[in-house]
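**Q** Put the two chains together into one complex, using the hints given.
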Amino acid sequence: MSDDGADAADASSPTDREYAEWLDALADGDGFAVVCPEGHGSLPPRRVCPECGSPELSREPLDETGTVETYSVVHVPSPRFADDAPYATAVVDFGPTRLTGVVRDGDAERDGDDAAPAVAIGDAVTVDIGERATDGERLVAFRPAAGETPAEDE
Amino acid sequence: MSEVRVAGVGLTPFGSHPERTGRDLFAEAALRAFEDAAVARSDVEELNYGNFMGSLAEHQGHQAPLMAEAAGVRCPATRYESACASAGVAVREAVRTVAAGDVDVVLAGGMERMTNLPTDEVTEGLAIAADDLFEVRSGVTFPGAYALMANAYFDAYGGTREDLAHVASKNHANAVPNEYAQYRKEVSVDEAMDAPPVAEPLHLYDACPITDGASALVLVSEEYAADRDLDAPVAVTGTGQGTDRMALGDRDSLARTPAADDAADAAYADADIGADAVDVAEVHDCFTIAEVLALESLGLFEPGEGIAAAREGVTTADGDLPVNLSGGLKAKGHPVGATGGSQIAELTRLLRGDHPNSDHVPDAEVGVAHNAGGTVASAVVHVLEVAE
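Protein sequence lines, in the order shown, are assigned to chains A and B. With the UniProt record's numbering, the residue at position 38 of the first sequence is 38, and numbering never jumps. With the UniProt record's numbering, the residue at position 47 of the second sequence is 47, and numbering never jumps.
If we strip away everything but chain B, and leave its shape as in the complex, we get (with noise of 0.2 Å):
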């Protein structure tokens, strides 16, 4: 086994490029990674690469050769695809092959297109990832589904919308410093509760935008890090990955969600700590109300308190836990088969210093990310250590 470090990280701006071909877009967050890694392209012997809905966006299945040559690597490369998990399974995948000892480099991360499609179609394109036959042609959305599991948090644990603003007014606060991300404006409470319904009791500003982009990572053993004096200060020591019934109507508890339990479990018992050890978390807010049950699940917090944590102040910039000092999904953006290599590009820079929150984190030496697919039928978690 082989400890596995990030040896650089690349993004594009998160948001609105719909001019931009899929390819052009992977090209930039890769080519910034390579920048960041002082890693020879020549020395990649892996591309795993994640994309949900390209097949529709731009008609562009088998994407993997051409994000391959578009970063000027020749190598296999794979395309995952977990819905919004889609890159943090091609992370987990590459992480446990250098782990394995199987290579030394592996090129991760993810690309993904919405804003080329009018909005009813990337709301028909997003609820594909859940079960066509008895929840889509029941009117579950995106957004409903998750509607569903809000209320039914609610009604078992308590809780309002306006816990939930909390939280969109915090990941937007948390934006404004960070230039990858799409929305770098401030929104009150007060504008989050008056906004206008989606799928209630989820509003307008509950629920993350439709975002172009791309995340790269160059991920190195140890090894070859040492070998090469790369300055790759922070480790992936933990990974985990859950899967649970794909129907939410089919789930043991519609205020949990299991996935993201198992794949945490798993992710530190790799990693051999405790979640009381985590220092700061990106974790997939694609609503509001993701960000509670993530939190629940990573055992931040007992189930049915997560949903005071942003109001009390608990897990703001200044708090004890930040969570999603980027932004999140909710205010940075989400393309979604981007989104899992973007959280570990922003835990990276959060732990070494370099993001423009890392002051809110001096300290932080674990951090944690949290990626999941449809309403988390799919769930990765990552646990990411200082090691130097």
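For reference, chain A alone in the conformation it holds in the complex (with noise of 0.2 Å):
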């Protein structure tokens, strides 16, 4: 993986640098989770266990498919998400570690002037790379699993 992967946002703070690269894995569909002997998983950079202090991480992959087990649906965003409210935010349990990201349909990007996509906890969803309306800056993003029936607006 090459330094020049990150997009130029990214590349801006060199502290972004694993991040960037962590991003670009979850595109190629090699997302990962650093995890130790004990089965802690956590998210890079590390250098140590977060959870037991040990220092033998290896890369893991993620689940295929994850279990939101929270959302909330953001009217107010932050400036840098000013385009794209009312966004659905969730966590999701991809096995070895949770992620935090935006839920997106399962089709193209939104055009940021409707309703946020129906989500549920419980449902089962993917995980790939989205794109933030507001400045193109890439984002962790979460799709309706395949064969999965969007949840009923709550």
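Quick caveat, the hints were computed from the structure, so don't treat them as lab data. We treat Cβ as the ideally placed atom computed from N, Cα and C, and that holds for glycine. Be careful, since some hints might not be right.
With beta-carbon atoms standing in for the labels, derived distance ranges [what the hints assert, rightly or not]: (1) B:252 <-> A:56: 45 to 55 Å; (2) B:193 <-> A:136: 29 to 39 Å; (3) B:19 <-> A:52: 44 to 54 Å; (4) B:226 <-> A:56: 52 to 62 Å; (5) B:62 <-> A:52: 31 to 41 Å; (6) A:38 <-> B:269: 26 to 36 Å; (7) A:128 <-> B:119: 28 to 38 Å; (8) B:72 <-> A:129: 53 to 63 Å; (9) B:275 <-> A:120: 31 to 41 Å.
Just a sample of chain B residues kept apart from chain A, beta carbon distances all over 10 Å, derived [said to hold, decoys possible]: (10) 176; (11) 272; (12) 274.
**A** Below, the structure written as structure tokens:
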């Protein structure tokens, strides 16, 4: 993975390099967690396991589909998400670790002018990379897993 | 070990003061604290000062020496930062230092300026208390994070938006007589239910306002108070702090706040009391769901039972266990770096009998204060008792 794999905004901050590489992996369908021998999963960058301090960390793939553990539809965004609202953000369990991201429709990126996609706790979703409507920045995106019926709007 | 007494408390009115500098706000709170304490400024041996976003709001770092000047004290001065628990940790270190016998007099508190920034910049500023890489970039705002916790709580234990509206309505009612409160107006459950959404399930009245303000406490050793015959009947008898994983998604449970469990356990052990001894509480209700989570972490309610406490009248002013008689962060306001000190000031006034809401707790002897940072990755709990 080359250093210029990061997009311009990510590369502008040297501390974001490992995050950018992790996003690249997610985009390639190779999303991973950093896991210690005890099985504690976390997200990079890590030198030791945040739960037990073990320095023996390896990369393990995320589950193909994850389960929504909680979500919220955000109506009042930060400036970075000004054109994205309303949008749904969720915490999803992917096996070795949970991910926090934005829920997107199964097809094209939404245009930001209607309701957020419907989502419910327990939904099965996949993860890849989406684009922030406000500025085109990459972000973690969840989409309904194939064969899943979108949840009824709550 | 020395017992720590609250010799004096001082607050600014909480509210919108965009034209006032941070140094002026803290100066006002300190002035009131010294008037209340009748302690000489020259006796102050340390200043412990809490502030979260002064570097953003006022382009002012290194604020502790500035605030020592503003308060008219010359002593070692340190700024503490732990997001919305900044003043809580500042007070905690003051309590520990006095209890250890290192010093006899500490000025502790905090200040925050927020309303001089546009709302979207405050939203962005508060979000820096979350994990930038794995939460903020994924669209998690500060209300959004508590909304994630609220939905997780509802899923785990049940509960509804209406239960939360009762928390808002209760705390607004408590703020009405409080001269320091930002919103001294009642809000009905229906009004709270009908307010626009911020981050579902949280709506406008589930959220605390954006607030400017400062708090200051003069904390002294029992010996110092006795030698000078100070009128300082309230003691800080317990302090505890807890830390959790920074990102909400990394916590064991999304519907609990273990850092506050740890802080409460430590504070109760320090004070040698149990949760059943608590008569009155000031808890960190930055959002209505946060009050529910706080009550459960403090052991005042079992997990899953805190949600109904306001609706059933247990925690209202006339209930068995009044919570946030000050109005809470919800209605009194939340100048984040000042809040932890403000809670101790309000509890002190409630226990001394000189708070406008003291009549609701005439026999209270034990109070507990719960101050949280971020989505409770940090938590500080203090126990206050009437010592004489």
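**Q** So, for every hint listed, does it hold in this structure?
**A** Against the structure, the hints:
The hinted range of 45 to 55 Å is not satisfied by residue 252 of chain B and residue 56 of chain A, whose Cβ atoms lie roughly 22 Å apart. For residue 193 of chain B and residue 136 of chain A, the hinted distance range of 29 to 39 Å is satisfied, since their beta carbons lie about 38 Å from each other. Here the CB-CB span from residue 19 of chain B to residue 52 of chain A is close to 51 Å, well matched to the stated 44 to 54 Å. Taken as a hint, the range 52 to 62 Å holds for the pair residue 226 of chain B and residue 56 of chain A, whose Cβ atoms sit roughly 57 Å apart.
With their beta carbons about 37 Å apart, residue 62 of chain B and residue 52 of chain A fall inside the hinted range of 31 to 41 Å. Under the hint 26 to 36 Å, the C-beta atoms of residue 38 of chain A and residue 269 of chain B, about 29 Å apart, fit the expected range. Distance hint for residue 128 of chain A and residue 119 of chain B: a CB-CB separation of about 32 Å, consistent with the stated range 28 to 38 Å. Here the CB-CB span from residue 72 of chain B to residue 129 of chain A is close to 55 Å, well matched to the stated 53 to 63 Å.
Taken as a hint, the range 31 to 41 Å holds for the pair residue 275 of chain B and residue 120 of chain A, whose Cβ atoms sit roughly 35 Å apart. With 10 Å as the threshold on Cβ separation, the claim that residue 176 of chain B sits away from chain A holds: the shortest Cβ distance comes to roughly 27 Å. Listed as a non-interface residue, residue 272 of chain B keeps its Cβ farther than 10 Å from every Cβ of chain A; the least gap is roughly 32 Å. A cut-off of 10 Å between C-beta atoms confirms that residue 274 of chain B is not in contact with chain A; the least separation is 30 Å.
The earlier numbered hint that this structure contradicts is number 1, and it is the only one.
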